[in-house]
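Student: Take the given structure of chain L and dock chain U to it, following the hints.
Those protein sequences? They're chains L and U, same order as listed.
Everything in the first sequence is counted per the numbering used here, starting at 1 for the first residue and increasing by one.
Everything in the second sequence is counted per the numbering used here, starting at 248 for the first residue and increasing by one.
A hint or two may mislead.
Said to hold, decoys possible - Straight-line alpha carbon distances no greater than 20 Å define the calculated EDC-like cross-link-like pairs of lysine to aspartate or glutamate that follow:
| id | chain 1 | residue 1 | chain 2 | residue 2 |
| --- | --- | --- | --- | --- |
| 1 | L | Lys101 | U | Asp321 |
| 2 | U | Lys281 | U | Asp255 |
| 3 | U | Lys325 | U | Asp301 |
| 4 | L | Lys159 | L | Glu98 |
| 5 | U | Lys429 | U | Asp406 |
| 6 | L | Lys21 | U | Asp274 |
| 7 | L | Lys162 | L | Glu192 |
| 8 | L | Lys147 | L | Asp207 |
| 9 | L | Lys23 | U | Asp321 |
| 10 | L | Lys101 | U | Asp404 |
| 11 | L | Lys23 | U | Asp272 |
| 12 | U | Lys312 | U | Glu263 |
| 13 | U | Lys416 | U | Glu435 |
| 14 | L | Lys147 | L | Glu56 |
| 15 | U | Lys312 | L | Glu11 |
| 16 | U | Lys281 | L | Asp4 |
| 17 | U | Lys312 | L | Glu30 |
| 18 | L | Lys21 | U | Asp321 |
| 19 | U | Lys281 | L | Glu12 |
| 20 | L | Lys29 | U | Asp321 |
| 21 | U | Lys416 | L | Glu11 |
By construction, these hints were calculated from the structure, which means they are not laboratory data.
Since the model is a prediction, treat every value here as computed from it, not as a measurement.
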Amino acid sequence: MEKDFSTSVLEEIREKKIQPKSKWHFILKEYIVWFVFFVNIFFGSLSVAVVLYLIEVSDWGLCPMTGSNLLGLVLITLPYFWLLAFLTFLLVAYYYYEHTKAGYRYGFIKIVFLNISVSVALGAGLYAVGAGERAEIEFAKRATFYKDMKVRQNQIWNKPEKGMILGVIREVDVENEQFILKDLSGESWLVEVSDTRMHRGVIIRRDFDVKVFGERQENKIFVARDIFPSMNKVDFGPRPVIMEIVP
Amino acid sequence: MEKDSYIDLFYQKTDEELVRMALKDQDCFLYIIKRYEGKLLSYIVRISGFSKEDAEDVLQEVFIKTYVNLNSFDDQLKFSSWIYRITHNEVINSHRRKKARPQCVPDLDNDFLGNLASDMKTDKEVDEAYLKKNVGKILGRLKKEYREVLVLRFWEDKDYKEISDILKKPIGTVATLISRAKKSFQEELEKENVNL
Chain L
1 MEKDFSTSVL EEIREKKIQP KSKWHFILKE YIVWFVFFVN IFFGSLSVAV
51 VLYLIEVSDW GLCPMTGSNL LGLVLITLPY FWLLAFLTFL LVAYYYYEHT
101 KAGYRYGFIK IVFLNISVSV ALGAGLYAVG AGERAEIEFA KRATFYKDMK
151 VRQNQIWNKP EKGMILGVIR EVDVENEQFI LKDLSGESWL VEVSDTRMHR
201 GVIIRRDFDV KVFGERQENK IFVARDIFPS MNKVDFGPRP VIMEIVP
Chain U
248 MEKDSYIDLF YQKTDEELVR MALKDQDCFL YIIKRYEGKL LSYIVRISGF
298 SKEDAEDVLQ EVFIKTYVNL NSFDDQLKFS SWIYRITHNE VINSHRRKKA
348 RPQCVPDLDN DFLGNLASDM KTDKEVDEAY LKKNVGKILG RLKKEYREVL
398 VLRFWEDKDY KEISDILKKP IGTVATLISR AKKSFQEELE KENVNL
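This is chain L alone, in the form it adopts within the complex (with noise of 0.2 Å):
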């Protein structure tokens, strides 16, 4: 007699001793789906976080300064790979929540919308208390593409030509109103500051990053008009023990 189709099924599950998973199988799962949601949505808050310290410290403000329009200068010098880096962990932060039990009775744009809430407010707060700033500082160290790629997109403020130089101060020679600064581009500029408006937050010391606008002369020599505390923070390379002249 052929056998009816149930007991076929129930025979191949015995005769292949096939046995249902443990719960703790798919407990475990569900957890580690969860917890690669949430490191990604950590790391999505951090991003933004830095994107929001870059922002503090880009000197868009600075514009009218540079004699480009504001919406070329930011276009040029907004954190790509950290906006970048924020839509990675959320896609991934999605692509994960959609596997969890539930994940599928939201649609894209609900989930999206609110991942990107959680780590807006999350990453403000992050940006409070200056995990932004160290994170970002903390990458540049590491990652040496990253550390290139942040020198060229300020190469924006190192257009001695055009009247700007993005540098470290290396020098001070206080007797003469000038110092030494290094740019961007590694090379040393005299630069005079006996008829120079210094803003806010200016110190002219050894190892104090500015940005200095003026007019180039002959030699290397730089005539500040106005200088401005560098915020970017761009590592200018090995700095040298040198004398200090501290004003």
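Tutor: Below, chain U without anything else, positioned relative to chain L:
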């Protein structure tokens, strides 16, 4: 207790009770198979266009996977939605293995046409004979996702929440899919000069 009344006792159990019993005693899984084999076999044939033999192979795999994953069944879901989901996934896997797309959907009945026509608020008397003969072919021409939601909604009589749980799509997406599927179905009918 006589054998028949013993079996009746199992048929009175809910799906969830049978799942709990099957986890303790493998033999109880037989009653889950018996409860669903007919419904799922028809479902597989309708959405895949497989022959009965091929559909039974798929169904066997469905029950084995159901048994293996029995501990992952979540009480918040209807068991029927869960097992239909496993079936839906297994049909997709099977299609991938065969790399084939169904061309026609057999085994049509008046319920499907009636449900579909009344949902479209049209006169189902019109061209019903033609439809009964050709609707399987027309369904087979639809996109797989359209065909599947139409079958689930108008054949298996599943509500939007159940379809959402089976296909693992948000309810809003299910509503959109059904609406588009109906539109696409109607367009196919118009090509055949049939008005529904």
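Student: Take the hints in turn and mark each one as holding or not.
Tutor: Taking the hints in turn, this is what the structure says about them:
1. Lys101/L - Asp321/U: 9 Å, holds
2. Lys281/U - Asp255/U: Holds - the C-alpha atoms of Asp255/U and Lys281/U are around 12 Å apart, at most 20 Å.
3. Lys325/U - Asp301/U: Outside the cut-off at roughly 27 Å; violated.
4. Lys159/L - Glu98/L: Roughly 49 Å between the alpha carbons, so the hint for Lys159/L and Glu98/L is violated.
5. Lys429/U - Asp406/U: Between Lys429/U and Asp406/U the Cα gap is close to 16 Å, so the pair holds against 20 Å.
6. Lys21/L - Asp274/U: With a Cα-Cα distance of about 17 Å, the restraint between Lys21/L and Asp274/U holds, given a limit of 20 Å.
7. Lys162/L - Glu192/L: 17 Å, holds
8. Lys147/L - Asp207/L: OK: Lys147/L and Asp207/L at ~18 Å, within 20 Å.
9. Lys23/L - Asp321/U: Between Lys23/L and Asp321/U the Cα gap is close to 11 Å, so the pair holds against 20 Å.
10. Lys101/L - Asp404/U: Violated - the C-alpha atoms of Asp404/U and Lys101/L are around 24 Å apart, more than 20 Å.
11. Lys23/L - Asp272/U: 16 Å, holds
12. Lys312/U - Glu263/U: Since the Cα atoms of Lys312/U and Glu263/U sit roughly 17 Å apart, the hinted pair holds (cutoff 20 Å).
13. Lys416/U - Glu435/U: It is violated: about 25 Å lies between the C-alpha atoms, which goes past 20 Å.
14. Lys147/L - Glu56/L: 19 Å, holds
15. Lys312/U - Glu11/L: 14 Å, holds
16. Lys281/U - Asp4/L: The hint holds at about 10 Å.
17. Lys312/U - Glu30/L: 18 Å, holds
18. Lys21/L - Asp321/U: 14 Å, holds
19. Lys281/U - Glu12/L: Satisfied, since the Cα-Cα distance of roughly 15 Å is no more than 20 Å.
20. Lys29/L - Asp321/U: Holds, because 14 Å separates the two Cα atoms, which is no more than 20 Å.
21. Lys416/U - Glu11/L: 35 Å, violated
Of the numbered hints listed earlier, those contradicted by the structure are 3, 4, 10, 13 and 21.
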